[in-house]
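Engineer: Taking this note's numbering, the leading residue of the sequence shown gets 17, the next gets one more, and so forth.
Bear in mind the hints are in silico, worked out from the structure with no lab data behind them. Some hints could be false.
[Claimed, not checked] Here are the simulated BS3-like pairs of lysine-lysine, each with C-alpha atoms no more than 25 Å apart in a straight line:
(1) Lys33 - Lys114
(2) Lys114 - Lys101
(3) Lys79 - Lys67
(4) Lys104 - Lys62
(5) Lys40 - Lys62
(6) Lys114 - Lys76
(7) Lys62 - Lys114
(8) Lys67 - Lys104
(9) Lys28 - Lys40
(10) Lys32 - Lys81
[As the list claims (entries may be wrong)] Each pair of labels, with its calculated beta carbon distance range:
(11) Leu90 - Arg126: 15 to 21 Å
(12) Leu96 - Val57: 26 to 32 Å
(13) Lys33 - Glu65: 17 to 23 Å
(14) Phe77 - Gly39: 17 to 23 Å
(15) Gly97 - Thr129: 14 to 20 Å
(16) Lys32 - Gln80: 29 to 35 Å
C-beta: ideal position from N, C-alpha, C; glycine also.
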Amino acid sequence: MLDIVAEVNNFKEQAKKNLLQDGKVVPVVFGILPSGEAIGVPLSFKDAEEKHEQFSSLEKFFKQKGVTACVTVLESWLVLGDEEKILKVPPSEHPERKECICVNGKMPGRTYTVAIPFERR
(Lines of atoms letter the chains of each structure in order from A and count residues from 1; the text may use other names and numbers.)
(Lines give C-alpha, C1' and ligand atoms only; values in the text may rest on other atoms or scores of the structure.)
Protein backbone atom coordinates (compact mmCIF):
# COMPACT_ATOMS: atom_id res chain seq x y z
CA MET A 1 0.00 0.00 0.00
CA LEU A 2 1.18 3.51 -0.82
CA ASP A 3 2.71 5.49 2.06
CA ILE A 4 1.46 9.03 1.36
CA VAL A 5 3.63 10.52 4.12
CA ALA A 6 6.77 9.05 2.53
CA GLU A 7 5.65 10.30 -0.91
CA VAL A 8 5.08 13.83 0.42
CA ASN A 9 8.46 13.83 2.15
CA ASN A 10 10.22 12.65 -1.04
CA PHE A 11 8.59 15.40 -3.11
CA LYS A 12 9.33 17.92 -0.34
CA GLU A 13 13.05 17.16 -0.49
CA GLN A 14 13.09 17.52 -4.28
CA ALA A 15 11.18 20.82 -4.06
CA LYS A 16 13.73 22.16 -1.56
CA LYS A 17 16.56 21.23 -3.95
CA ASN A 18 14.72 22.92 -6.84
CA LEU A 19 14.24 26.09 -4.80
CA LEU A 20 17.94 26.23 -3.92
CA GLN A 21 19.04 25.48 -7.48
CA ASP A 22 16.47 27.47 -9.50
CA GLY A 23 15.23 30.08 -7.02
CA LYS A 24 11.65 28.88 -7.44
CA VAL A 25 9.35 25.91 -7.19
CA VAL A 26 7.32 25.17 -10.32
CA PRO A 27 3.73 24.41 -9.27
CA VAL A 28 2.84 20.85 -10.24
CA VAL A 29 0.49 18.01 -9.36
CA PHE A 30 1.74 14.44 -9.51
CA GLY A 31 -0.82 11.68 -10.00
CA ILE A 32 0.45 8.40 -8.52
CA LEU A 33 -0.54 5.23 -10.37
CA PRO A 34 -0.94 1.84 -8.63
CA SER A 35 2.44 0.86 -10.15
CA GLY A 36 4.08 3.74 -8.25
CA GLU A 37 4.71 5.70 -11.46
CA ALA A 38 3.97 9.43 -11.20
CA ILE A 39 2.31 11.55 -13.89
CA GLY A 40 3.40 15.19 -13.48
CA VAL A 41 1.08 17.99 -14.62
CA PRO A 42 2.25 21.62 -14.30
CA LEU A 43 -0.21 24.12 -12.81
CA SER A 44 -0.90 27.61 -14.13
CA PHE A 45 -3.81 29.81 -13.13
CA LYS A 46 -4.47 33.53 -12.68
CA ASP A 47 -7.30 33.44 -10.16
CA ALA A 48 -9.48 31.21 -8.00
CA GLU A 49 -11.88 30.43 -10.86
CA GLU A 50 -9.08 29.23 -13.14
CA LYS A 51 -7.62 27.23 -10.25
CA HIS A 52 -10.97 25.52 -9.66
CA GLU A 53 -11.36 24.74 -13.38
CA GLN A 54 -7.85 23.33 -13.62
CA PHE A 55 -8.26 21.08 -10.58
CA SER A 56 -11.66 19.87 -11.86
CA SER A 57 -10.06 18.94 -15.20
CA LEU A 58 -7.18 17.24 -13.41
CA GLU A 59 -9.58 15.20 -11.31
CA LYS A 60 -11.27 13.85 -14.46
CA PHE A 61 -7.92 13.21 -16.17
CA PHE A 62 -6.50 11.38 -13.15
CA LYS A 63 -9.65 9.22 -12.84
CA GLN A 64 -9.30 8.22 -16.50
CA LYS A 65 -5.65 7.26 -15.91
CA GLY A 66 -6.42 5.21 -12.79
CA VAL A 67 -4.52 7.47 -10.40
CA THR A 68 -4.89 6.34 -6.77
CA ALA A 69 -3.18 9.28 -5.03
CA CYS A 70 -1.85 12.72 -5.86
CA VAL A 71 0.81 15.07 -4.54
CA THR A 72 0.66 18.83 -5.15
CA VAL A 73 3.84 20.91 -4.88
CA LEU A 74 3.77 24.72 -4.99
CA GLU A 75 4.89 27.94 -3.39
CA SER A 76 2.37 29.52 -1.06
CA TRP A 77 1.98 31.88 1.89
CA LEU A 78 2.07 30.82 5.52
CA VAL A 79 0.93 32.80 8.56
CA LEU A 80 1.54 31.44 12.04
CA GLY A 81 -0.01 32.61 15.27
CA ASP A 82 -3.36 33.14 16.94
CA GLU A 83 -6.04 31.67 14.67
CA GLU A 84 -8.53 34.45 15.43
CA LYS A 85 -5.97 37.08 14.42
CA ILE A 86 -4.62 35.40 11.30
CA LEU A 87 -7.97 34.50 9.75
CA LYS A 88 -9.05 38.14 9.41
CA VAL A 89 -6.81 38.74 6.37
CA PRO A 90 -6.01 36.44 3.43
CA PRO A 91 -2.52 34.92 3.90
CA SER A 92 -1.24 36.60 0.72
CA GLU A 93 -2.07 40.01 2.23
CA HIS A 94 -1.18 39.37 5.88
CA PRO A 95 1.64 41.61 7.19
CA GLU A 96 3.30 38.66 8.97
CA ARG A 97 3.15 36.27 6.02
CA LYS A 98 6.07 34.07 5.05
CA GLU A 99 6.70 32.35 1.76
CA CYS A 100 6.68 28.58 1.95
CA ILE A 101 6.92 25.44 -0.08
CA CYS A 102 3.64 23.57 0.34
CA VAL A 103 3.43 19.86 -0.42
CA ASN A 104 0.05 18.15 -0.08
CA GLY A 105 -0.59 14.44 -0.55
CA LYS A 106 -4.06 12.93 -0.90
CA MET A 107 -5.34 9.42 -1.24
CA PRO A 108 -8.64 7.85 -0.19
CA GLY A 109 -8.94 8.22 3.57
CA ARG A 110 -5.66 10.09 4.06
CA THR A 111 -4.34 13.62 3.52
CA TYR A 112 -0.92 14.85 4.60
CA THR A 113 0.47 18.38 4.16
CA VAL A 114 3.80 20.00 4.96
CA ALA A 115 4.73 23.67 4.69
CA ILE A 116 8.38 24.73 4.75
CA PRO A 117 8.89 28.48 5.29
CA PHE A 118 11.76 30.15 3.42
CA GLU A 119 13.19 33.60 2.76
CA ARG A 120 14.52 34.73 -0.59
CA ARG A 121 18.03 36.13 -0.61
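Engineer: Would you mind marking each hint as holding or not holding in the structure?
Structural biologist: Quick rundown of the hints versus the structure:
At most 25 Å may separate the alpha-carbon atoms for a hinted pair to count; Lys33 and Lys114 meet this at roughly 19 Å. Using a Cα cut-off of 25 Å, the hinted pair Lys114 and Lys101 holds, with the two alpha carbons roughly 16 Å apart. Among the hinted pairs, Lys79 with Lys67 is consistent with the structure: their alpha-carbon atoms are about 18 Å apart, no more than 25 Å. Annotation: proposed proximity of Lys104 to Lys62 holds, straight-line Cα distance about 23 Å (limit 25 Å).
Distance check on the hinted pair: Lys40 and Lys62 sit about 18 Å apart at the alpha-carbon level, within 25 Å; holds. For the suggested pair Lys114 and Lys76, the alpha carbons sit about 33 Å apart, so the restraint of at most 25 Å is broken. This hinted pair checks out: Lys62 and Lys114 have alpha carbons roughly 21 Å apart, not beyond 25 Å. In summary, the hint linking Lys67 to Lys104 is supported, as the alpha carbons are separated by about 23 Å, within the 25 Å threshold.
Taking the CA atoms of Lys28 and Lys40, the gap is near 13 Å; set against the 25 Å cutoff, the hint holds. The suggested pairing of Lys32 with Lys81 is violated, with an alpha-carbon distance near 28 Å, which exceeds 25 Å. Between Leu90 and Arg126, the C-beta spacing of about 20 Å keeps the proposed range 15 to 21 Å intact. For Leu96 and Val57, the Cβ-Cβ distance of about 30 Å falls inside the hinted range of 26 to 32 Å, so the restraint holds.
For Lys33 and Glu65, the Cβ-Cβ distance of about 33 Å falls outside the hinted range of 17 to 23 Å, so the restraint is violated. Look at Phe77 against Gly39: about 30 Å separates their beta carbons, and that is not inside 17 to 23 Å. At roughly 18 Å, the beta-carbon separation of Gly97 and Thr129 lies within the given 14 to 20 Å, and the hint holds. Take Lys32 and Gln80: their Cβ atoms lie about 32 Å apart, and the range 29 to 35 Å holds.
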